[in-house]
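Asks: Take a look at the letters that make up each chain.
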Amino acid sequence: MFPTPIEKRSRAAQITYQSLLPLALILWLLPLIAVMVFSIRPFSDFTQGNYWGVPSSFELFTNYGMVFFESDMPRYLLNSVFITVPTVIGAVALSCMTGFALGIYRFRGNLLIFFMFIAGNFVPFQILMVPVRDLTVDMGLYDTKLGLILFHVAFQTGFCTLFMRNFIRALPYELIEAARVEGVAEWRIFWFVVLPLMRPAIAALSVLIFTFIWNDYFWAIVLTQGPDAQPVTAGITSFNSQFVAQYHLMSAGSIVAAIPPVAIFFLMQRHFIAGLTLGAVK
Amino acid sequence: MSSSTTPALPMHEVRAEATWLQRNKMIVTPLLFLLPGMLFFAVYVIFPIFQSFGISLYRWDGLGEATYIGLANYEELLTDRNFEISLVNNLKWLVLYLLAIPLGLFIALFLNQTVMGIRLYKSLFFFPFVLSQVVVGLVFSWFYLPREGLLNTIITGLGFDSLNILGDPTLATYGIIAAGLWPQTAYCMILYLTGLNAVDPEQVEAGRLDGAKGWKMLWYVILPQLKPATFIAFVVTIIGALRSFDLISVMTNGGPFGSTRVLSFYMFERALSEFGFRMGYGSAIAVVLFLIMLVFIGYFLWQMWRDEREARRG
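Chains A and B are the protein sequences, given in the same order.
Mapping of the first sequence onto our numbering: residues 1 to 282, in sequence order.
Mapping of the second sequence onto our numbering: residues 1001 to 1314, in sequence order.
No lab work stands behind these hints: they were computed from the structure.
A portion of the hints provided could be inaccurate.
Just some of the chain A residues that point at chain B, by a computed CB distance under 7 Å [to be verified]:
id, residue
1, L25
2, A34
3, Y51
4, G53
5, P55
6, S57
7, F58
8, A101
9, F115
10, A119
11, F212
12, A258
13, P260
Within a straight-line C-alpha distance of at most 30 Å, the following computed DSBU-like cross-link-like pairs (lysine-lysine) qualify [stated by the list, open to error]:
id, chain 1, residue 1, chain 2, residue 2
14, A, K8, B, K1025
15, B, K1122, A, K8
16, B, K1122, B, K1025
17, A, K8, B, K1092
18, A, K8, B, K1213
Backbone N, C-alpha and C define an ideal beta-carbon position, used for all residues, glycine too.
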């Protein structure tokens, strides 16, 4: 193990390390801690210039209550859910199939198609912006959740295919050959042999895509406007103009907007990190 | 490869003549499985790239008739001062964003221990990556506030003059990059933590016996084994740097005086905001950004292709 395990070092080194850890963490999360402290202060603290002293009162419930009951925030949050969940299902479903096709079969053009998916996944969004916006307007889907979902599903299929294909490649190929010898139809091999083995990949990918889509901002402002369809990342800017310079409410609002992906991360940590670091080890 | 049309399986010879579908099932099946995904991807990703190249040759406000003007948009770019600023800022992003890799490695080495509660520490160090860039942008713009911000409270507390980071054209871009480095470093850290987990303990032992320690051990024994992690960290950091948009939009909206624009943001401004709907000109900017990205994409794909070939041989 590298670096040398701290247990093998001197007592002094151990104590230094143990006390350095929380300090480093506080330093690392300092901007976030500042926002959390802001979000529980009363408005009067800001007018009196008491930014960093002891809060004159504890207003957690008032501030977060404002966010949930006096603003469009719940609508934006709900929009985010209705955009994110179908996207996750769609992109994972499509990429299970593309990943299967590219991972199991050998045919001419296999690698070319695979690389096309990877390359497409890396392009800057701006090169797609004008045509995709046009297409969405032409289909009558501008400012709808469906318009956003369709694009997200299509774009995420690139990354998901990369992920699924590499995962399927690592499965024992003998299983598939054995099934073929038994005369099992190809689609049955997909459904009954490969898909059950892909469960960990599906879980990891779902968690990752959920976070990616929830956090999307660019496409939200290109393809939607207003509280009918906008997700929370775009909604937060309208929220902030509603409560301009009221830092206690803006802080509470952005914390609320950030909670769902954070919660998913802490609940499904193992899957999340497995997904993110796929390929980091050979 | 070409033999794949006939499955090399001992089929039961029930019917003498297999149908066309049965004979070609090793070609037809993958095609059917690929079809929905490829259709989506082609319509929303592949075709739009070529369409953008086309649109960049037109003058078009997005609604009326488009007029073909050849390379005029590109000629205009050459003398556009804002385009130049954006390009230079993109370069700053590219270079400084790469700091996320050594920083991430440093934190990973710091956290690669097995003391009590270390898993929670790792999660909390990683968690800025899970926040949306919009939230990161807001968090940092409040952190930088001249009067209310914690940063300036600390700076003035130490006896220095307060800084208006996002209001100063010479500092604003660096302030935004610093905000971007926060989640990006967390990402690189988790890649390296995973990589360090897989480092071969025997090689480390062997290195120790040879008297390697500290920096030498890191450079000659550990880093070579972390190569896959470094490659991925490099890929995601470069892509992230060139995609920077959210932070700029949230923190400065391109200002002050347009000093924090990058190509992705400037393109959006030209094509879809108060500057007027210049779709053609915007597309020309997007094409330039795409071509810059293409250099890196080409390099990544070449690396991956080499790995593929090795995997096939091995």
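Asks: Indicate, hint by hint, whether the structure satisfies it.
Replies: Comparing the hints with the structure gives:
1. L25: With Cβ-Cβ at 6 Å, under 7 Å, it holds.
2. A34: Because about 4 Å separates A34 of chain A from the closest Cβ in chain B, which is inside the 7 Å limit, the hint holds.
3. Y51: Where the cut-off is 7 Å and the nearest Cβ of chain B is about 5 Å from Y51 of chain A, the hint holds.
4. G53: 10 Å, violated
5. P55: 14 Å, violated
6. S57: Violated - the Cβ of S57 of chain A stays beyond 7 Å from chain B, reaching only about 18 Å at its closest.
7. F58: 19 Å, violated
8. A101: Because about 4 Å separates A101 of chain A from the closest Cβ in chain B, which is inside the 7 Å limit, the hint holds.
9. F115: Holds, about 6 Å.
10. A119: At 5 Å from the nearest chain B Cβ, A119 of chain A passes the 7 Å test, so the hint holds.
11. F212: 10 Å, violated
12. A258: 5 Å, holds
13. P260: Result: violated, 10 Å to nearest chain B Cβ.
14. A:K8 - B:K1025: Not satisfied, since the Cα-Cα distance of roughly 60 Å exceeds 30 Å.
15. B:K1122 - A:K8: It holds: about 21 Å lies between the C-alpha atoms, which stays within 30 Å.
16. B:K1122 - B:K1025: 48 Å, violated
17. A:K8 - B:K1092: 42 Å, violated
18. A:K8 - B:K1213: 15 Å, holds
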